[in-house]
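Protein chains in written order, with my numbering: chain A, 2 to 298; chain B, 151 to 620.
Just so you know, these hints were derived from the structure itself, not from any lab. No residue lacks a Cβ here, since even glycine has one placed at the ideal position from N, Cα and C. Some hints could be false.
[What the hints assert, rightly or not] Distance condition first, Cα-Cα at most 30 Å in a straight line; then the derived DSSO-like pairs of lysine-lysine:
hint: 1; chain 1: A; residue 1: 153; chain 2: B; residue 2: 402
hint: 2; chain 1: A; residue 1: 44; chain 2: B; residue 2: 613
hint: 3; chain 1: B; residue 1: 449; chain 2: B; residue 2: 300
hint: 4; chain 1: B; residue 1: 401; chain 2: A; residue 2: 70
[Stated by the list, open to error] Which stretches of chain A does chain B cover? Using the computed rule of at least three CB atoms under 8 Å from a CB of chain B, they are:
hint: 5; stretch: 233-241
hint: 6; stretch: 253-259
[Claimed, not checked] To give an idea of the interface, some chain A residues facing chain B are shown, with a C-beta separation under 7 Å as derived from the structure:
hint: 7; residue: 46
hint: 8; residue: 47
hint: 9; residue: 48
hint: 10; residue: 132
hint: 11; residue: 133
hint: 12; residue: 134
hint: 13; residue: 135
hint: 14; residue: 150
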Amino acid sequence: MPKIWKFIRKNAKAWAIMLPSLVLFAFYIWVPLFQNISLSFYKTVGTTKVKFVGLEQYRLLFQSADFLKALGNTFEYALWSLVIGFLLPIVIALILNEVVHLRGLFRTMIYFPNIVPGIAVAIMWTFLFDPNPYGVLNSLFKTNNLWLNNEKAVIPLIVFTLTWKGAGATSLIYLANLQTIDKVYYEAARLEGASAWQRFWHVTLPHLKGQIKLLLIVQIISVFQVFYEPLVMTKGGGPNGASSTLVQLIYQIAFEEFDAGKAAALSVIVALILFMLTGLYFYLSKERRKQHGEITK
Amino acid sequence: MKRLMVLITVVLFVFALSACKHKDEKIVITIGMWPDETAKEDVEMFKEWKRRFENDYPQYEIKGQNYEYNVDTFLFMAETGTIPTVFQTWFTEPQKLIANGYVKDITDELKALGWYDKMDPEMREALSAGGRTYGVPRDGYGLGLFMNLKLLEEAGLIEDYDHDGKLDLYDPEGNPLYPQTFDELLSMASTITETLEYVAGFMVLSANKQGGWQFSNIAWNFGADLQVQENGKWVSKLNSPGAIAALEWIKKIKHEYNALPSDVSLSYNDWWSKIGQETLAMCIVGSDAIATPFVNMDKPTDYPYAFVPMPAGPNGDRYSLFGGTPYMFSAKATSEQVMGALRFLEYMGRSPEMSDVAKQSIEDGMQVALRKGMPILPSIKPWINEDYVTYMENMEQMYCNVNMNYFKDFYALFDSMKRTEEPYYCQEMYKVLDGAIQTVLDPRGITVNVENLLTTINNDFQKNYMNNVN
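Generate the whole structure from the sequences, applying the supplied hints.
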């Protein structure tokens, strides 16, 4: 009996359990993924391949001002999301962890924006950011700010709304982790005379470190996929393309221009960027751990 | 083995039987314009049209599908063959749908029914490619100026001269008080903004390709031709003197007169809410959208809204961009289905046929519109056969429920003003013009050199698109 059959027979039950997931995974993830890569090398009419063009779609994209603008904007979104949205959930979680009374109420309140549908959040903030003198925030603060119509402010403001919606949920993940820290460590630190800051730096932070790294990558990946917020809040990436994103450009090329080949090429580029960023992160992280002697080989 | 063979034979036989078309199986037509079930009166009207149609054509079965054309879903539905047999789309879409093979060539069916020559030739052109026609127009539209007369009165620009309780759009000598030129529009918009708090005198669209769409009309009136043939080649003229003057006018009304809303990105969805909330006095809209603020903002049909011809440019050029809302047919539809769907349009009163059943449906539609409090106005006719035009004009006159003094000049002048969109890469051209308008509307637009800006986008547009035409 060939080795492969022996292997399969030996693990038959495990394969049987995994089979439905593998089939669904292959059908919904791997097949479309490879089809998408293949599509990116063709000129298409609708989604039908009509001519093999090699890397032509990629060349056209890199020559397109819209692509370069969206690429720059997407990195800007990622940067602002780190500035505005990365530390906030950790801070909220630390505060919540210290709350003694009405903890459940505060948790619910923090999580509440997350249960509001994303489109509703985008529309609500669009109303609040109305740039006219009668706009809600302009009336409230007696200002004439352009808000989302200001090219320089538009991305930070969109990231602010993303953070408003998403920070609560992330905080609860951190909070769950914080509550698993054994109190013994804090007591020992207190006995050693550690200040609050030292307890945070030497006890809390090392415990959260793994999760912070994971959520950082998740955050960058999700910010790279920002789509409907600029679509709704700035009428498709305005003012003058200042808030357009790569995913929004994919949508525009695929669904408005019906150019599936070029949209597929752009999707591949986005995937490659994320792949490289994740790889870079893991490389740097591994190097750092090596330096600290956490990895021996 | 024998048992297996018998089993396979039986299975194949059952499959073959199920694949056979039953002799009296009906031809199914899916009608995408079917109203949403919450619009009970409209649904009842469609059910009655379906009953009449199926009674006269028993070989067909009508299935209603409330399908609103949407770029989010269209590609998937077209690829999977689930778009309705006939559906309504936007005026911007036909050429794109034709180029990608998502809609059916219905030239032969139109000729067989005798409808081909009855269609407005300019609308037919917009629905055609390579000499073949792919749709029928539901109705036409022309761009004009929509005005909230209440705000004009508050700004002291008009009044009720004859004291009949209605604001007058003409002075006692009969001279129109609405803007005849872009200079007058600028002056009136500026007066409104200065006089009334929180009210913008005028609005310039700049997003979703709708800024470019309306800008092309403004530019024509300033004397521009945006695409011309030179030595047998098509050339883009986005930086012609007329186009520059038009964008300079936008710069002036924004930065010198401050008569526009603060928004840099404005789309066609914004006008009716701003008009309805009385934060905007005047804007350019299509005649097919006049009912929107009445319906969406719940205004009575005698509310003082007016729709007047586009103002003229400095040299007297005065055009109204003309287009139509089309019905198109799934590329997967058979000729029999297309014939059935076209005939059903007759039962909806949306065809050139003036049969009893068509007349009855037109009247049904008018009565439902009246009960729903919609304004009934003249329409831009998509069909040109005399019996259709005469009948529609009589019906519109009979059911008219608005003060026609606020609308009559647009319809009186429209035929002499109408002009169709530029011939090539219209949507792409509108997109680049959107960018130019947003650059000017931005606070930094005050210092922008309009000629340089338009020259840059013109060169790009020529290189990326127009060179493909030649």
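Okay, the hints, checked on the actual structure:
1. A:153 / B:402: Answer holds: residue 153 (chain A) to residue 402 (chain B) is near 24 Å, not above 30 Å.
2. A:44 / B:613: With Cα atoms ~20 Å apart, residue 44 (chain A) and residue 613 (chain B) stay inside 30 Å; holds.
3. B:449 / B:300: Measuring from Cα to Cα gives roughly 13 Å; hence the hint holds.
4. B:401 / A:70: holds (25 Å)
5. 233-241: With 6 residues closer than 8 Å to chain B, the stretch 233-241 of chain A meets the three-residue bar; holds.
6. 253-259: holds (count 5)
7. 46: Given a least distance of 6 Å, the restraint on residue 46 (chain A) holds.
8. 47: holds (5 Å)
9. 48: This hint holds: residue 48 (chain A) lies near chain B, its Cβ roughly 6 Å from the closest one there, short of 7 Å.
10. 132: Hint holds; residue 132 (chain A) Cβ to chain B Cβ min 4 Å, cut 7 Å.
11. 133: Interface hint status for residue 133 (chain A): holds (5 Å vs cutoff 7 Å).
12. 134: It holds, given that the least Cβ distance between residue 134 (chain A) and chain B is near 6 Å, below 7 Å.
13. 135: For residue 135 (chain A), the interface hint holds, since the closest Cβ of chain B sits about 5 Å away, which is under 7 Å.
14. 150: Where the cut-off is 7 Å and the nearest Cβ of chain B is about 4 Å from residue 150 (chain A), the hint holds.
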